[in-house]
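J.: Using my numbering, read the sequence shown as starting at 1 and increasing by one per residue.
Mixed in with the good hints there might be a few duds.
Heads up, simulated BS3-like pairs for lysine-lysine below, C-alpha to C-alpha not over 27 Å straight-line [as the list claims (entries may be wrong)]:
#  : residue 1 : residue 2
1  : K58       : K46
2  : K13       : K46
3  : K94       : K70
4  : K140      : K54
5  : K13       : K100
6  : K94       : K14
7  : K100      : K111
8  : K13       : K58
9  : K107      : K126
10 : K111      : K130
11 : K94       : K107
12 : K126      : K140
13 : K100      : K140
These are calculated hints, taken from the structure and not from any lab test.
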Amino acid sequence: MGEMLTQFPEMTKKEIIAQAEQNALQMMDDGHLDEFETIASVERLKAYVESYSKSIRKMIDQVPEKEYKKSNVVFSMRNTGDRLDYMQDDIYEKLSNQLKERADLLKVAYKSSDAIYDADGVQVPKVGIKTHGGEVLTIKF
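Take these sequences, add in the hints, and give me the full structure.
T.: Printed below as a string of structure tokens:
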């Protein structure tokens, strides 16, 4: 498998996406593939490739230049930046918890056919849906 990965054509990301879409449509149209067997195999291959890539990335702790180019790919190192721990601030933590509690109350009000009131006796409004959920194919193996 490793040999195949190193011999992959030097295509751009757009070219790879277009080629994959074209190949998938052609193979399905020709009736050569069962879509469920194919996606099962592709998901296994994707898990393998992602794990393979992650393992190789762990071996790279620096690049030879600021932007190192090899096989039509640009490699560079970047600092992801520090993330502050806002929860160490008592006021932030209190406000964050209040927001979570309010969200829970709004969910109850939305689902209830009766009026819901908060601890201060104020009626909780029924908020609308921001985005509707959709069906997605899930795959587990």
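J.: Hints first: check each against the structure and report whether it holds.
T.: Hint-by-hint comparison with the structure:
1. Annotation: proposed proximity of K58 to K46 holds, straight-line Cα distance about 18 Å (limit 27 Å).
2. Using a Cα cut-off of 27 Å, the hinted pair K13 and K46 holds, with the two alpha carbons roughly 16 Å apart.
3. Using a Cα cut-off of 27 Å, the hinted pair K94 and K70 is violated, with the two alpha carbons roughly 50 Å apart.
4. With a C-alpha separation of about 20 Å, the suggested pair K140 and K54 falls inside the 27 Å cut-off, and the hint holds.
5. A C-alpha spacing of about 40 Å is found between K13 and K100, which places the hinted pair above 27 Å, so the restraint is violated.
6. Between K94 and K14 the alpha-carbon distance is near 46 Å, which puts this suggested pair outside the 27 Å criterion.
7. Restraint check for K100 and K111: satisfied, since their Cα atoms lie roughly 17 Å apart, inside the 27 Å limit.
8. For the hint linking K13 to K58, the alpha-carbon distance of about 23 Å falls within 27 Å, and the restraint holds.
9. Between K107 and K126 the alpha-carbon distance is near 8 Å, which keeps this suggested pair within the 27 Å criterion.
10. Of the pairs offered as hints, the one joining K111 and K130 holds, with about 15 Å between alpha carbons and a cut-off of 27 Å not exceeded.
11. With a C-alpha separation of about 20 Å, the suggested pair K94 and K107 falls inside the 27 Å cut-off, and the hint holds.
12. For a cut-off of 27 Å, the pair hint linking K126 to K140 is broken: about 36 Å separates their Cα positions.
13. About 31 Å separates the Cα atoms of K100 and K140, which puts this hinted pair outside 27 Å; it is violated.
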